[in-house]
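**Q** Residue strings, one per chain:
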Amino acid sequence: MRTETMRKVGGISFKTVVYIILIALSFIMIFPYVWMIFTSLKTGLEAMDTTTLKLFPEKAMWINYQDLFKAVPFLKGVGKTMLIEITVIPIGTLVSALAAFSFSKLRLPFKNFFLLLLLSGTMIPYAALMLPQFRVFYALHMYNTLWPLILPGLFGNVIMMFFFIQYLKGIPTELIEAAKIDGAGYLRIFFQIMFPLIMPAIAVQVVFWFTGIWNDFFGPSIYLTNFNTQTLQPMLAKLSSEVGGGVVGLPRIMAGAVVSSLPILVLYLFFQKYFVESIAITGLKG
Amino acid sequence: MEKVTVKSSLFKKEKLVAILFIALPLIGFLLFTVFSIIATGVLSFTNYDGIRDIKFVGFKNYSDLFTHQIFKKAFWTSVLNTLFLLIGMPIGMVFGVILATFLNSKKIKGKKFFRVLFYFPAISGAVAINIIWRYIFNNEYGVVRFLFGKDVYWLSNPILIKVAIIIKGVWNGLGGTMLLYLAGMQGIAPSLYEAADIDGASDVQKFFHVTLPLLTPVTFYLLVTGLINGLQSYADSQVFAQGDPGAQTIVYFIWERGIHQARYGLASSASILLSIVVMIITVINFKFSNRWVYEN
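Sequences listed follow chains F and A, in order.
Residue 1 is where the first sequence starts when you use the numbering used here, and the numbers rise one by one after that.
Residue 1 is where the second sequence starts when you use the numbering used here, and the numbers rise one by one after that.
Simulated from the structure, these hints should not be mistaken for lab results.
Just so you know, these numbers come straight off a predicted model, no measurement behind them.
Keep in mind that a hint or two might mislead.
To be verified - Listed next, with one range per pair, are the computed distances between beta-carbon atoms: (1) F:ALA139 <-> A:ASP244: 32 to 38 Å; (2) F:LEU187 <-> A:VAL204: 56 to 62 Å; (3) F:ASN112 <-> A:ASN157: 50 to 56 Å; (4) A:PHE208 <-> F:TRP62: 49 to 55 Å; (5) A:LYS72 <-> F:LEU55: 29 to 35 Å; (6) A:VAL283 <-> F:TRP62: 53 to 59 Å; (7) A:LEU86 <-> F:LEU265: 25 to 31 Å.
Said to hold, decoys possible - Just some of the chain A residues that point at chain F, by a computed CB distance under 10 Å: (8) SER9; (9) ARG52; (10) PRO245.
Ideal Cβ placement from N, Cα and C applies to all residues, glycine included.
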């Protein structure tokens, strides 16, 4: 009885209040994206209109998107980002999965020491590592190439490896022991038994890593300084800082922001369960 | 006897294979982490700028951060800015836990929709988000001028630009915080609430005396990761603030002095100090966590 009276606030039920808050919040969450999309279709003058707050453009200026591709080699930037994705992710994932297999199912000497060592590395801020790396890559003539962004990933991803180790805890060791007694080689055990079993974990991590590389800004902005060598994100940032002031610039920049967000949105709609799962799992175990 | 030797040679082979499988991550760790952090440490005691002959200067770079006429101001501004921006963290946590409570209620429908919607900003690229919000906060033609007028200079006032970044940051991180709290709430046994019901506890009492204490592991996790990420923020200074001094963070300082101006020695000393602080926070947090974090 008591809770019933508590739930009525001035004649409006508690439930209604919650719905109003949730819907208002939904509006706030979605507004910047809506504003971005409509601005990308406005003329420069409309976008900088200081008298009214008009959401819709007078006429949809799809030419802004054409202008974007003409002003900067945007598709080339997307291609470079994709080149990093398709070299780093397959190799890096395989390396991480093999290492996780070794850590959790093989007789690895000094297991805990090696694991702690690798994990301790993730505590160090990137800012404390980037200066010598920058000088070395610079000396190796890799400045303004994709190598500094590809090479480190080929050695695996410790966070991903740790995630796999956690996942492998749920898989009985007897399965591997039995295969060993049958005389199966370690690589065969890995590819035929382990790989199919950790496929769900791999899928989650690959989607996550793909998003991470797609959105990566700091590293690429250090190594790639001109439009012809840049990946997507630093190109977008450079575009916004260089032509940001001009009247024609704003809708074009928003067009760039739309194009850069679209693939992630599609990926998210398809795999939202993975994203949600991944944050819940890494969050509570970390 | 024969069986034993076969077994031990098998073990030997397995050990070798096991080491081989972790070889690449270990080599990567040595090349990219161990080498780099040692080199940063060494550089922090030199005058290295990529041109002049390298010379050891002792603790000069470190003392320059605190006493040099020009660098002192920039360094302290960046430290204070970074700390100021951390205010967003507790704000986001309060909003996140309230939102999770709403979405955890059995009576609310469309939970999945709200969850998916609120989490999207968390996976969007930082550059696009900063571009949109910079436009929104433009006092001349941004959306905010309709709420606060043209005379509020969000992007050039040193305090307001940080407030703007905090607002943007709370919007950005809300979905992630909410999801973690939600996952934590779903792990709480319903019997605890039933027991509280029998004792005649109100919903508010249940929230403060059952839900919140049981969520301390999540709060703790958010606190540690929030601090560690917050101390390393960079894109906000570079893209949202376009390098405005009012929002230059520590990592921006390191980037500007190190990469941009090639003062490797000075920048290295700042990044060594940052690493020490980050590691101390991690250790302290984990050491003291068991005093107030609920564990079952």
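**Q** Which earlier hints turn out false for this structure, listed by number in ascending order?
**A** Of the numbered hints given earlier, those the structure breaks are 5, 8, 9 and 10, listed in rising order.
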